[in-house]
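J.: Sequence:
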Amino acid sequence: MKKRFDIIIIGGGPIGLASAIEAKKARLSYVILEKGCLVNSLYNYPVNMTFFSTSEKLEIGNTPFVTTSPKPKRAEALEYYRRIQTTFDLNIHLFEEVLSVDKENTEFFNVKTSKASYEATHIIVATGFYDIPTLLDIPGENLPKVRHYYNDPHYYAGQHIVVVGASNSSIDAALETYRKGAQVTLVVRGPEISPRVKYWVRPDIENRIADGEINIFYNSQLKAITETEVEIQTPTDRIHLKNDFVLALTGYRPNFTLLKNIGIIIPDESPCIPYHNPCTMETNIKNMYLAGVVCGGLNTHLWFIENSRIHAEIIIADITEKLST
-17 MKKRFDIIII GGGPIGLASA IEAKKARLSY VILEKGCLVN SLYNYPVNMT
33 FFSTSEKLEI GNTPFVTTSP KPKRAEALEY YRRIQTTFDL NIHLFEEVLS
83 VDKENTEFFN VKTSKASYEA THIIVATGFY DIPTLLDIPG ENLPKVRHYY
133 NDPHYYAGQH IVVVGASNSS IDAALETYRK GAQVTLVVRG PEISPRVKYW
183 VRPDIENRIA DGEINIFYNS QLKAITETEV EIQTPTDRIH LKNDFVLALT
233 GYRPNFTLLK NIGIIIPDES PCIPYHNPCT METNIKNMYL AGVVCGGLNT
283 HLWFIENSRI HAEIIIADIT EKLST
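The numbering of the sequence shown is the numbering used here, which starts it at -17 and goes up by one.
Everything labelled a hint here was simulated from the structure, so no lab data went into it. Heads up, none of these hints are tricks.
Under the rule of at most 25 Å between Cα atoms (straight-line distance), these lysine-lysine pairs were calculated in the BS3-like manner: (1) LYS224 with LYS162; (2) LYS127 with LYS224; (3) LYS85 with LYS97; (4) LYS268 with LYS94; (5) LYS6 with LYS39; (6) LYS205 with LYS127; (7) LYS268 with LYS(-15); (8) LYS224 with LYS205; (9) LYS85 with LYS(-16); (10) LYS97 with LYS(-16); (11) LYS180 with LYS55; (12) LYS180 with LYS39; (13) LYS304 with LYS(-15); (14) LYS(-15) with LYS97; (15) LYS7 with LYS304; (16) LYS180 with LYS162; (17) LYS94 with LYS242; (18) LYS39 with LYS53; (19) LYS162 with LYS55; (20) LYS304 with LYS268.
All chains should be built: construct the whole structure from the sequences, respecting the hints.
T.: Structure follows, in structure tokens:
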């Protein structure tokens, strides 16, 4: 017999955890289904990453997030959310991927995962956007030397690396690998690094570029990758550089395939924001909700932990109001 819940929460990130806390407060039965580890996206952040937000803006469940510095690091965030899970004793199934969600002329959603099947009267989709990288679609992108995620700078010591992108992730990777002895070249599509680069990092990268310690090509694109070289189209010429690794940190996108298969309406034109009522977070499917950064579609800078925590309260309030009428 399928296990039945009031709410199934798809995604075990901070907003999924916040939704579970609110569900528990409302005495609703729930389960979180997470295809990876706890707060899987945060786990896959670079090991030395510092959050832009201060710790209090990452808090959920009215639980203080105490750090040793004004802006927490990845390891501190992982520790905090582990403590959230244990403190609230949240019902979460890790490493269990949702494969399908159906609702065929019944009041219950049928949810099939990689391990089991469930039923629920409400679904909260809090799947984030960090799982699918935006590809360059160029020759050689499938080579093992090409990475769309960056973790630890030591791996690239003494190597010729190209970092593609102008955002925080790209700039952090360029600076960290440079300081571990890599020869770094940045390839930036526009005329400057992103204005969203962290204010305490910007002077550092600008000085490294000005001193010639990090090479950079503005208004340029990576055109091809081979085992030993990269080909870059600059404003004036197409050049070839010796290369050992490419960090193509060009952004990520939500799992639109999953959302569409579930039945959520997503416009074809950018920014592809999934349909939802901002007052209740309910989608075009009755009793199915969106929460967190997935609500922004390709606008991945629209929602963060700090401004989407409220989604959990909005959703559970709507569900409890429905159940009381």
